[in-house]
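Enquirer: As a plain string of letters, each chain reads:
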Amino acid sequence: MPRNIIDIVDLTVDEINELIATAEDIIADPVKYQNACAHKQLATLFFEPSTRTRLSFESAMLSLGGSVLGFSEANSSSTAKGETVGDTIHTVSCYADIIAMRHPKEGAPYAAAQFSEVPIINAGDGGHNHPTQTLTDLLTIHREKGRLDNFTIGFCGDLKFGRTVHSLVNALSRYGNINFVLISPLELKLPRYVKEEALKKKGIPYTQTTDLESVIPQLDILYMTRVQKERFFNEEDYLRLKDSYILTPEKLTNAKESLSILHPLPRVNEISVAVDRDPRAAYWKQVKNGKFIRMALIMKLLGIQV
Amino acid sequence: MNIDSIQNGVVLDHIQAGKSMDIYKYLHLDQLDCSVAIIKNVRSGRMGKKDIIKIDSPMEVDLDVLGYIDSNITVNVIRDGVRVEKKHVELPRKLVNIIRCKNPRCITVAEPQLDAIFLLSDPEKHTYRCAYCETAIDKKF
Numbered sequence: 001m002p003r004n005i006i007d008i009v010d011l012t013v014d015e016i017n018e019l020i021a022t023a024e025d026i027i028a029d030p031v032k033y034q035n036a037c038a039h040k041q042l043a044t045l046f047f048e049p050s051t052r053t054r055l056s057f058e059s060a061m062l063s064l065g066g067s068v069l070g071f072s073e074a075n076s077s078s079t080a081k082g083e084t085v086g087d088t089i090h091t092v093s094c095y096a097d098i099i100a101m102r103h104p105k106e107g108a109p110y111a112a113a114q115f116s117e118v119p120i121i122n123a124g125d126g127g128h129n130h131p132t133q134t135l136t137d138l139l140t141i142h143r144e145k146g147r148l149d150n151f152t153i154g155f156c157g158d159l160k161f162g163r164t165v166h167s168l169v170n171a172l173s174r175y176g177n178i179n180f181v182l183i184s185p186l187e188l189k190l191p192r193y194v195k196e197e198a199l200k201k202k203g204i205p206y207t208q209t210t211d212l213e214s215v216i217p218q219l220d221i222l223y224m225t226r227v228q229k230e231r232f233f234n235e236e237d238y239l240r241l242k243d244s245y246i247l248t249p250e251k252l253t254n255a256k257e258s259l260s261i262l263h264p265l266p267r268v269n270e271i272s273v274a275v276d277r278d279p280r281a282a283y284w285k286q287v288k289n290g291k292f293i294r295m296a297l298i299m300k301l302l303g304i305q306v
Numbered sequence: 001m002n003i004d005s006i007q008n009g010v011v012l013d014h015i016q017a018g019k020s021m022d023i024y025k026y027l028h029l030d031q032l033d034c035s036v037a038i039i040k041n042v043r044s045g046r047m048g049k050k051d052i053i054k055i056d057s058p059m060e061v062d063l064d065v066l067g068y069i070d071s072n073i074t075v076n077v078i079r080d081g082v083r084v085e086k087k088h089v090e091l092p093r094k095l096v097n098i099i100r101c102k103n104p105r106c107i108t109v110a111e112p113q114l115d116a117i118f119l120l121s122d123p124e125k126h127t128y129r130c131a132y133c134e135t136a137i138d139k140k141f
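Listed in order, the protein sequences are those of chains A and B.
Residue 284 in my numbering is what sits at position 284 of the first sequence, and the numbering runs on without skipping anything.
Residue 132 in my numbering is what sits at position 132 of the second sequence, and the numbering runs on without skipping anything.
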């Protein structure tokens with residue numbers, strides 16, 4: 001059975017730490033890895049659009065000396081003719097050594113793994129999981145803070161439907177001494193089951209608030225997400241709430257000098273472009289880190305060591 | 001009320017009163033040609049009232065289905081009029097093709113030929129989660 005990464009919890013804490021160490025080594029000496037995956041092929045099967053995830057996977061494989069095949073929309077595959085995920089995966093696993101797939105349906109990568117002879121990486125399945133974004137977030141935190149424990153992290157925006165938030169809360173709950181500050185409109189609070197499973201059961205402290213500015217001074221990391229207009233039933237509520245979470249240089253006045261600001265992107269307007277020039281903005285570094293952690297993951301799943 | 005004892009078959013006992021029709025449905029007993037007796041509201045010292053199902057033919061009963069519906073049920077295997085085996089069921093850790101996911105965004109709804117797999121996530125609350133999309137289904141029985 002090939003090893004698959006469908007959910008971040010498919011990786012142990014030791015394995016995540018090992019991936020981060022490999023990514024750090026790749027960043028320090030990329031030349032050492034430039035032929036690590038020579039003659040290996042990565043299939044990127046994107047049944048729905050993506051900018052960062054697909055291109056970072058492809059860039060990762062090319063930087064490892066491997067090659068890439070695949071499609072970037074369902075309409076350019078036999079899915080348009082009604083082919084099932086299972087049959088598509090069965091076919092592609094005859095050609096590729098490893099598959100990264102994004103699909104609009106939740107659980108599609110779990111289904112794919114039942115039909116694949118090669119490792120499957122979930123590159124996002126609807127609003128469900130996005131484990132390589134979580135790995136990217138973890139590498140970024142590690143690079144910014146030098147550790148994955150002993151800090152206060154604020155999650156701000158849509159905590160209800162944001163899959164990256166659920167996964168990152170879950171992943172960080174396995175590290176020690178982290179305070180979680182959950183900042184969201186009442187309508188978009190972190191789901192109860194995530195709080196129960198990831199935080200309460202483990203006795204991990206957390207606070208919930210609607211007011212970003214009152215908690216910003218205590219944060220070491222601020223993880224911004226987009227408040228999604230389409231989730232609101234009432235347009236007035238959306239208009240009232242969306243501005244509370246537009247991060248501006250003024251709102252950062254009382255924040256720590258050592259704060260790191262993360263965002264899984266794409267952003268719409270929740271982080272003012274003026275913040276991009278603030279040295280605390282880490283989200284563009286986060287984009288770059290996504291490539292390095294995916295290089296480490298591809299090597300791990302292919303059993304390649306350098 | 002008298003129901004004949006069976007010679008070769010299966011007796012499902014200690015069914016919580018009122019659940020026998022769920023078991024009839026989920027075990028697909030309607031598809032059997034043999035006699036099947038559903039006895040409801042039988043007096044029970046331990047349970048007050050209980051249901052019993054007697055199946056007048058040897059068959060392999062899906063213990064996962066029984067465990068999911070009611071983990072107190074006992075399965076008695078009858079051969080030549082004598083009970084030769086008594087099985088206790090338990091809450092199964094995994095359900096395959098017993099219930100379907102209701103999440104319209106789940107791949108198993110879009111592709112119903114996939115096995116519907118549920119994993120027990122909270123034994124105390126009897127909560128199962130879809131193995132694909134993790135949507136929780138509270139045990140409805």
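In case anyone wonders, no lab produced these hints; they're calculated from the structure.
Please note that a few of the clues may not be correct.
Claimed, not checked - Subject to a maximum C-alpha distance of 16 Å in a straight line, what follows is the list of computed EDC-like cross-link-like pairs (lysine to aspartate or glutamate):
no.	chain 1	residue 1	chain 2	residue 2
1	A	K81	B	E111
2	A	K251	A	E236
3	A	K195	B	D122
4	A	K201	B	E111
5	A	K200	B	E111
Enquirer: Would you mind confirming whether the straight-line C-alpha gap from K201 (chain A) to E111 (chain B) stays at or under 16 Å?
Expert: violated (35 Å)
Enquirer: Taken at face value, is the distance from the CA of E236 (chain A) to the CA of K251 (chain A) at most 16 Å?
Expert: Given pair K251 (chain A), E236 (chain A) is violated - Cα atoms ~23 Å apart, limit 16 Å.
Enquirer: Tell me if the straight-line CA distance from K195 (chain A) to D122 (chain B) falls inside 16 Å.
Expert: Roughly 15 Å separates the two Cα atoms, so the pair holds.
Enquirer: Does the structure keep K81 (chain A) and E111 (chain B) at a Cα separation of 16 Å or less?
Expert: Since the Cα atoms of K81 (chain A) and E111 (chain B) sit roughly 14 Å apart, the hinted pair holds (cutoff 16 Å).
Enquirer: Regarding the pair K200 (chain A) and E111 (chain B), is the alpha-carbon distance no greater than 16 Å?
Expert: violated (35 Å)
Hints 2, 4, 5 from the list above are not met by this structure, while the remaining hints are.
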